[in-house]
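Participant: Chain residues, written in single-letter form:
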Amino acid sequence: KQEVTQIPAALSVPEGENLVLNCSFTDSAIYNLQWFRQDPGKGLTSLLLIQSSQREQTSGRLNASLDKSSGRSTLYIAASQPGDSATYLCAVNSGGYQKVTFGTGTKLQVIP
Amino acid sequence: GAVVSQHPSRVICKSGTSVKIECRSLDFQATTMFWYRQFPKQSLMLMATSNEGSKATYEQGVEKDKFLINHASLTLSTLTVTSAHPEDSSFYICSARGDRGGDGYTFGSGTRLTVV
Chain A
66 KQEVTQIPAA
76 LSVPEGENLV
86 LNCSFTDSAI
96 YNLQWFRQDP
106 GKGLTSLLLI
116 QSSQREQTSG
126 RLNASLDKSS
136 GRSTLYIAAS
146 QPGDSATYLC
156 AVNSGGYQKV
166 TFGTGTKLQV
176 IP
Chain B
6 GAVVSQHPSR
16 VICKSGTSVK
26 IECRSLDFQA
36 TTMFWYRQFP
46 KQSLMLMATS
56 NEGSKATYEQ
66 GVEKDKFLIN
76 HASLTLSTLT
86 VTSAHPEDSS
96 FYICSARGDR
106 GGDGYTFGSG
116 TRLTVV
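From first to last, the protein sequence lines are chains A and B. Heads up: the first sequence runs through residues 66 to 177, numbered per this note's numbering. Heads up: the second sequence runs through residues 6 to 121, numbered per this note's numbering.
With the rest of the complex left out, here is chain B:
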């Protein structure tokens, strides 16, 4: 089945630094990947849709200059949290849909970001 690999699984960084999270589709091509954020005890909220070779589409209220998304190939999308602050601490999850019509979504294992 489709597999999405996400790294790192856990990262702690200092305020003001930037953190990059990678999302890879291992056995299929993903022209579109999605980035979600999950706050404690809440459901997943879509942050942005990442399209290979073009600019990401951000959801309302998500700062595109803070959350930089790059989808440089059909199997890799990256999310960079720039100038991180403690309020950016959260669980970030990526997903991709298979390349056949009607496929469901496969999710990465998530990244726990803690900004200190």
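This is chain A alone, in the form it adopts within the complex:
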């Protein structure tokens, strides 16, 4: 059974800082991994999708890396802004039925 863990559970940084969010998973036989952000009371917004054959994906100030062998992914946010404040979730697509397993989330607060 796939288990996904995110560290830290919460993070507070001053505006402008670069930061890294971590995601680890137990079963390395994955199809892809996706990073989402969720604002309070809202649905999920997809940020980056990394296929199992890829090592990283970039979109603007966001960079996600994937190391399947070690069961890890990181989301790097450069020059953080207050608008980045949200909960960030990683989701791993794996298993015979391509189930998505969500991590526990990291709640990010960027202080102006």
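What the hints contain is simulated information worked out from the structure, not anything from laboratory work. These numbers were taken from a predicted model, which means no experiment stands behind them. For glycine and all other residues, C-beta sits at the position ideal for the given N, C-alpha and C. Be a bit skeptical, because a hint or two may be false.
From the structure, some residues in chain A lie toward chain B, with a derived Cβ separation under 8 Å [to be verified]:
1) L109
2) F167
3) G168
Within a straight-line C-alpha distance of at most 25 Å, the following computed DSS-like cross-link-like pairs (lysine-lysine) qualify [stated by the list, open to error]:
4) B:K46 / A:K107
5) A:K66 / B:K69
6) A:K66 / A:K164
Here the structure of chain A is known, so what remains is to put chain B in place on it, guided by the hints.
Facilitator: Here is chain B on its own, set in the frame of chain A:
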């Protein structure tokens, strides 16, 4: 990009009544859709996998008679919470995967259900 529309975004209902939530893929066909439930300050938990034209597959511990899922077309899946009780109050989110292999998942905006 792929868009999933979910309605309603918020609903309040009385105990004992039923509530239907719709999930539509707007610009792609989704043979499979997924329904999640999220409790406060917790991550998403998969409830069931909805397959077009066939019965849904429910996760362990999810009552299929309480959470009725219908996936009647390639663009629409519905979740009906029957005989709702206050403990069913939660945030429900649907998702669908694109129709190309390797696509990621697109999520609806969620439905906040409050049972009073």
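Participant: If a hint holds in the structure, say so; if it doesn't, say that too.
Facilitator: The hints, checked one at a time:
1. Here the hint on A:L109 is kept, as its CB sits about 4 Å from the closest CB of chain B, short of 8 Å.
2. Against a cut-off of 8 Å between C-beta atoms, the interface hint on A:F167 holds, since the closest Cβ of chain B lies about 5 Å away.
3. Because the smallest distance between the Cβ of A:G168 and any Cβ of chain B comes to about 6 Å, under 8 Å, the interface hint for this residue holds.
4. For a cut-off of 25 Å, the pair hint linking B:K46 to A:K107 stands: about 13 Å separates their Cα positions.
5. Simply put, A:K66 and B:K69 have alpha-carbon atoms about 22 Å apart, close enough for the 25 Å limit, and the pair holds.
6. Distance restraint check for A:K66 and A:K164: the Cα-Cα separation of roughly 10 Å lies within the 25 Å cut-off, and the hinted pair is therefore satisfied.
Of the numbered hints listed earlier, not one is contradicted by the structure.
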